[in-house]
Amino acid sequence: KVYMGEIPLMTPQGTFVINGAERVVVSQLHRSPGIAFESTVHVNGKVLYSFRIIPDRGSWIEVQFDTADLLYIYLDRRKRRRKFLATTFLRALGYGSDEEVIKLFYNIETLKLSDKLDEEKLATKVLTAEIRDGDVTVARAFEPLTLATVRQIMALKIHEVKVIDISNDDTVVKALRKDPAHDQEEALKDIYRRLRPGDPPTVANARALLKRLFFDPKKYDLGRVGRYKINQKLGINVDSTERILTDKDFIAAIKYLINLRRGEGTLDDIDHLGSRRVRTVGELLANQCRVGLARTERLVKERMTLFDINVDGMTPQKLINPKALSAVIRDFFGRSQLSQFMDQTNPLAELTHKRRLSALGPGGLSRERAGFEVRDVHPSHYGRICPIETPEGPNIGLISSMSTFARINEFGFIETPYRKVEKGRVTDQIEYLTADREENFLVAQANAPVDGRGHFTGEKVSVRYRGDFLEVDPSKVNYMDVSPKQLVSVAAGLIPFLEHDDANRALMGSNMQRQGVPLVVSEAPLVGTGLEDKVARDSHAVVLATESGKVASVTAEQIILTKDGHLPESKKKLKTDPEAGIHVYELRKFMRSNAGTCVNQKPIVHKGQHVKRGQVIADGPNTNQGELALGRNVLVAFMPWNGYNFEDAIMISEKVVKEDIYTSIHIDEFEIGARDTKLGPEEITRDIPNVSEEALRNLGPDGVVRVGAEVKPGDILVGKITPKSETELAPEERLLRAIFGEKAADVKDTSLTVPSGTYGIVMDVKVSSRREVSREKLTPAETR
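In terms of our numbering, the sequence shown opens at residue 2 and continues consecutively.
Calculated from the structure, these hints are not laboratory results. It cannot be assumed that every hint is accurate.
Derived CB-CB ranges, DEER-like [claimed, not checked]: (1) Arg141 - Glu432: 53 to 61 Å; (2) Val585 - Glu23: 20 to 28 Å; (3) Arg676 - Pro9: 24 to 32 Å; (4) Arg676 - Thr759: 56 to 64 Å; (5) Ser665 - Pro392: 19 to 27 Å; (6) Asp452 - Pro392: 55 to 63 Å; (7) Thr68 - Asp474: 14 to 22 Å; (8) Thr458 - Asp377: 32 to 40 Å; (9) Arg197 - Pro392: 40 to 48 Å; (10) Pro690 - Pro392: 18 to 26 Å; (11) Ser665 - Val637: 17 to 25 Å; (12) Asp474 - Ser665: 15 to 23 Å.
Lysine-lysine pairs mimicking DSSO-like chemistry, simulated, CA-CA at most 30 Å apart [said to hold, decoys possible]: (13) Lys126 - Lys212; (14) Lys47 - Lys122; (15) Lys212 - Lys84; (16) Lys219 - Lys113; (17) Lys84 - Lys220; (18) Lys576 - Lys564; (19) Lys461 - Lys603; (20) Lys535 - Lys573; (21) Lys84 - Lys113; (22) Lys319 - Lys104; (23) Lys158 - Lys175; (24) Lys47 - Lys126; (25) Lys104 - Lys355; (26) Lys679 - Lys603; (27) Lys219 - Lys126; (28) Lys220 - Lys319; (29) Lys47 - Lys113; (30) Lys104 - Lys190.
Even for Gly, the Cβ is constructed at its ideal location relative to N, Cα and C.
Given these sequences and hints, build the entire structure.
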């Protein structure tokens, strides 16, 4: 076994604890690998069709028509000179001769020659090979036939020739006329010359380069998704394990592109959710690990060359240095744009952060380059991405939230649930559809009137189809929305009467709910939407019973459930023992969240109460009886009051302050370390120069503030002195030194003090020391 490093373990809540702080890895919304057909309009007004094949990793390949209807391949958009004809690439793939290329796209016919042939029909036929008379070319290949040419050929005693019909399309023929290469070797050299200008082209080098670009699984990978999308779009069935580009893909893509010019097939919309997918934590981390392992591989190869002399002493442990991999992983969790410090202000903020989708980050967009289209709401977002919840500011539309019922499938595409409708009757069968599949169906709204047996009551039903709203017969409906909430995210779904809200204010409301801090007393809203208890449960703010039972004991810090409600006789500390039917739930008391708010769980069951599995047994921050409670139900008057509430100002009554209706507890953490300096070690002590005894009144004998002390700005929390550099002393200082001894004032006061604006009570002190590990083992209350 070889040690390869460590990977942080995800907590049951879906977070990671990195350097003592909870972090969330946000999922990334990026362009799906696969194939995309697009069109651009040239300056002269001509529509130019193109496609690009986007792999999961490797070189992009783009094929585009130019204004002369020639099909060019670009391997690098930035350097326009790196383009060559599509037929050159086909020859390089192994279709060397003209005839082999032609067979891919046309049917070769045999034409019997005679003087009676119709001139118009002849113009659509071209020869597949040139006809020569000695050294003279009588008829060129790929040129349209005329009666004059036919007569010249007949004069050579040739009565039938092989031709192709180009009445439908002459794209490939045009390219063959222009193609400088005539066999595979020439084609390979031509491509090599364009990709590596300056290098002498050899067939072997060219072949190796092409293999490295598109046919080497190490360098080029379409991924499962890319292969699935290409097969789906082009209607081919290449094996899903074939992750590299195949000839079949390329030929089918060119055929599709040629058909597009004729008006067959569809163009792709890059903002459609069918062509955007979600990279979740696992995939983002796997991509980082791939980089780390590639570095490790390189290091191993370097070490092996050093070890060549002494093969016997070579062990895998000596060869493999785990640092490269663990550095990449550490960097990903610590510094990546997608690994974020969890927003833990309240349970909703926590839940929303985990459901967030970002188009930014490595391999994604950047704020500056993202245009209006990417940020805009798209019809395919329905039920998948919330049209309301997004930040205001430079990130608008780039950071979004998943809708209430959306889920991500195995390929990373977002799906939303619909009820199946059969012959005009709504069934209870639920099907999850991706944006691609939904395109083909008519979907009715969740509030379409239905009778007791599930039949639509109206003569016509309003449905969505490809971004349009139609009125159709009930028999034509395929699916129906699950709920009106499925359109919006959890935060927007918590707003009552959302349908009467202005979209901009709803956006602000959704974002501001995440900023509500936990109050001393939480109160559930009088008017809710039914999502409140779901949010409280799914954000892990409340404690749920894992099994049914009876409450045997309740304290502020723990709840014990047993089968019969009696505690066992033994005086030992109880632990959870599912076999004996004992379940011990430890509650979190006055802990600090990431946002500095107070996390406190309170039991809501009493001794002897029967509890069902999954029932809420303790409330957490911002919850009341297991429901999310972000504020208080107060009486509000909408009226002027002597101008005191002009515009955005609000008047509150004295009662609100007196009764602590909107009081919240915040926990601040301050730390200080004593380290060794060049001039000697720093020291934590109560003995601080030039400080009055009054200022030291809250410090213990070891210079650390006592728990329970009330502190205000400027108060000392930890006394610390640092050695000061020696300077030339003045004569009077020398005299003082002589009288009072050597070490009077060569230290300076570097104590930790309370910052301005902070008032409060010290609730805990933790001292950890590298030298005395035993100090750390003390409980927080004893630690001084």
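Going down the list of hints, with the structure as the test:
{"no.": "1", "hint": "Arg141 - Glu432: 53 to 61 Å", "verdict": "holds, 59 Å"}
{"no.": "2", "hint": "Val585 - Glu23: 20 to 28 Å", "verdict": "holds, 24 Å"}
{"no.": "3", "hint": "Arg676 - Pro9: 24 to 32 Å", "verdict": "holds, 28 Å"}
{"no.": "4", "hint": "Arg676 - Thr759: 56 to 64 Å", "verdict": "violated, 25 Å"}
{"no.": "5", "hint": "Ser665 - Pro392: 19 to 27 Å", "verdict": "holds, 24 Å"}
{"no.": "6", "hint": "Asp452 - Pro392: 55 to 63 Å", "verdict": "violated, 44 Å"}
{"no.": "7", "hint": "Thr68 - Asp474: 14 to 22 Å", "verdict": "violated, 48 Å"}
{"no.": "8", "hint": "Thr458 - Asp377: 32 to 40 Å", "verdict": "holds, 36 Å"}
{"no.": "9", "hint": "Arg197 - Pro392: 40 to 48 Å", "verdict": "holds, 46 Å"}
{"no.": "10", "hint": "Pro690 - Pro392: 18 to 26 Å", "verdict": "violated, 50 Å"}
{"no.": "11", "hint": "Ser665 - Val637: 17 to 25 Å", "verdict": "holds, 20 Å"}
{"no.": "12", "hint": "Asp474 - Ser665: 15 to 23 Å", "verdict": "violated, 56 Å"}
{"no.": "13", "hint": "Lys126 - Lys212", "verdict": "violated, 37 Å"}
{"no.": "14", "hint": "Lys47 - Lys122", "verdict": "holds, 28 Å"}
{"no.": "15", "hint": "Lys212 - Lys84", "verdict": "holds, 18 Å"}
{"no.": "16", "hint": "Lys219 - Lys113", "verdict": "violated, 52 Å"}
{"no.": "17", "hint": "Lys84 - Lys220", "verdict": "holds, 21 Å"}
{"no.": "18", "hint": "Lys576 - Lys564", "verdict": "holds, 15 Å"}
{"no.": "19", "hint": "Lys461 - Lys603", "verdict": "violated, 53 Å"}
{"no.": "20", "hint": "Lys535 - Lys573", "verdict": "violated, 37 Å"}
{"no.": "21", "hint": "Lys84 - Lys113", "verdict": "violated, 40 Å"}
{"no.": "22", "hint": "Lys319 - Lys104", "verdict": "violated, 57 Å"}
{"no.": "23", "hint": "Lys158 - Lys175", "verdict": "holds, 29 Å"}
{"no.": "24", "hint": "Lys47 - Lys126", "verdict": "holds, 26 Å"}
{"no.": "25", "hint": "Lys104 - Lys355", "verdict": "violated, 54 Å"}
{"no.": "26", "hint": "Lys679 - Lys603", "verdict": "violated, 51 Å"}
{"no.": "27", "hint": "Lys219 - Lys126", "verdict": "violated, 45 Å"}
{"no.": "28", "hint": "Lys220 - Lys319", "verdict": "holds, 28 Å"}
{"no.": "29", "hint": "Lys47 - Lys113", "verdict": "violated, 38 Å"}
{"no.": "30", "hint": "Lys104 - Lys190", "verdict": "holds, 24 Å"}
Against the hints set out earlier in the document, violations occur for numbers 4, 6, 7, 10, 12, 13, 16, 19, 20, 21, 22, 25, 26, 27, 29.
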